[in-house]
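Q: What follows is each chain in one-letter form.
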Amino acid sequence: MNSHDDTTSQKRNGDALAQERATGTYLVKRGLAEMLRGGVIMDVVTAEHAKIAEDAGAVAVMALERVPADIRRDGGVARMSDPALIEEIQRAVTIPVMAKARIGHFVEAQILQALGVDYIDESEVLTPADEEHHIDKWAFKIPFVCGANNLGEALRRISEGAALIRSKGEAGTGNVVEAVRHIRSITSDIRRLSSADHAELYALAKQHQAPLPLVEEVANTGHLPVPLFCAGGIATPADAALVMQLGAEAVFVGSGIFKSENPSRRAAAIVEATAHYDDPDLLVKVSRGLGEAMSGSEIASLNLKLAERGW
Amino acid sequence: MRIGVLSLQGDVSEHLQMFARLGVSAMEVASPGELSHIDGLVIPGGESTTIYMLAESSGLFEPMTQMIKEGMPVFGTCAGAVLLARRILDGRADQRSCEAMDIAVRRNGFGRQIASFEADLDISVIDKGGAPLRAVFIRAPIVESVGPEVETLATYKDSALTEPTPVLLKQGTMLASSFHPELSNDTRLHQFFVEMVKEGSS
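Chains as they are written, first to last, in my numbering: chain W, 1 to 311; chain B, 312 to 513.
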């Protein structure tokens with residue numbers, strides 16, 4: 001866990017200036033996640049979508065071939081996107097471009113790093129490539145975001161080098177209920193750790209199946225060592241504001257925008273709602289007359305629960 | 312004395328924590344009315360296109376710009392520096408800035424995230440004999456031109472650059488950095504800005 005320490009501080013030896021660039025450090029990786037806080041990251045499948053997202057105020061886009069709702073509908077194996085598509089989207093926008101690799105598929109991650117994407121999402125939305133191991137994310141210079149249903153899973157991903165955690169929710173459903181479940185689970189477990197005495201942390205680390213030093217850090221600081229965003233089922237400005245009020249620091253919106261009647265307006269409204277999540281008057285204003293949201297699904301009706309992927 | 316942090320998008324809390332560590336009162340600013348409670352403003356890091364859009368839609372952009380031009384001390388870090396610049400290069404077509412500081416800034420001039428880095432800066436201009444400052448550059452902008460009234464307080468140069476590039480600039484009551492002093496543990500630049508605000512409000 002030594003790579004965890006922030007190397008940044010004014011204490012240096014003597015006056016020697018370490019002026020050469022240190023790239024891919026943990027602080028540099030986490031730094032980009034900090035810059036995305038309070039923002040909306042939107043799934044896009046074409047350069048045209050990416051432009052719409054950027055114009056609506058997205059802080060980043062997630063380049064993929066199919067939004068989760070279509071992945072669900074089509075079935076089959078979902079993989080990393082075609083590099084040509086990712087490059088087209090990189091050319092289309094000036095904001096950060098993220099892309100997804102399959103869980104454990106470190107070669108897809110190597111390809112995404114070589115493409116120069118800004119963040120890699122090791123994502124349960126794609127079909128896992130390894131049912132035991134996640135990618136060793138310390139081995140990469142590009143930062144990773146990973147999904148988590150609960151605190152233990154979040155801390156395991158952080159121990160593997162993730163620089164950003166998103167609660168998983170249930171992607172492609174337009175149903176916020178799982179997103180709420182997961183963000184609540186993570187934040188309430190953090191509160192429980194904060195009130196535990198030190199002797200209890202050993203058992204709690206075991207219970208969460210998480211490394212003790214990370215459990216101690218969360219207990220001491222009251223938050224994850226990396227930002228916590230929320231994903232999976234956000235379809236309206238109110239959904240975005242809900243998860244923000246529950247403790248998310250930014251939101252990922254997948255199918256919710258481009259599966260709706262008026263993507264451009266809905267996207268801008270979700271950006272406003274995420275920024276001003278505690279202002280009901282503004283939420284009224286931005287929620288008005290947006291057209292149909294994506295239709296969405298009951299969780300009980302799903303054949304495949306994506307959030308169960310990852311370990 | 313109270314300092315506001317523009318709280319629309321970006322790493323607002325890091326700035327607030329810096330001021331808390333210095334024992335300086337600071338507040339979030341997300342609506343025009345809150346501007347009247349502050350003596351100085353920080354525009355944080357984040358996505359400059361998003362911050363601009365939200366500043367415009369919340370009605371903050373015009374009054375904030377006017378107050379900056381009338382001499383309210385302001386500190387822009389990274390995206391904040393982009394928002395202060397007279398000219399933005401490689402911006403979104405409809406993206407505007409306060410056009411307050413006489414610098415031209417190229418967005419993401421240092422490159423994508425793979426090129427983001429940390430490095431030491433010599434800040435002896437503001438802290439004579441002090442240690443170097445560890446600076447974090449995230450998809451950082453490059454300051455491509457600097458007007459005659461702008462003072463360059465720190466530059467960056469490594470073996471990949473032929474010329475030192477300005478990274479910390481001051482023009483009157485305006486301070487801008489292309490890096491993120493709020494991400495390191497070093498409070499010296501925030502202290503420097505607090506002194507600027509004190510001078511402004513005295």
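It is worth saying that the hints were derived from the structure and are not from the lab. Keep in mind that a hint or two might mislead.
Listed next, with one range per pair, are the computed distances between beta-carbon atoms [unchecked claim]: (1) THR473/B with GLN110/W: 28 to 36 Å; (2) GLY511/B with SER295/W: 42 to 50 Å; (3) SER295/W with GLY344/B: 36 to 44 Å; (4) GLU88/W with PRO343/B: 47 to 55 Å; (5) ALA196/W with GLU381/B: 46 to 54 Å; (6) LEU333/B with GLY296/W: 42 to 50 Å; (7) SER295/W with LEU333/B: 45 to 53 Å; (8) MET312/B with VAL77/W: 54 to 62 Å; (9) GLY334/B with ARG191/W: 21 to 29 Å.
Here the structure is a predicted model, which is why all the values come from computation and not from measurement. Positions of the beta carbon are idealized from the N, C-alpha and C atoms, including for glycine.
Q: Which of the stated hints cannot be reconciled with the structure, identified by number in ascending sequence?
A: 2, 4
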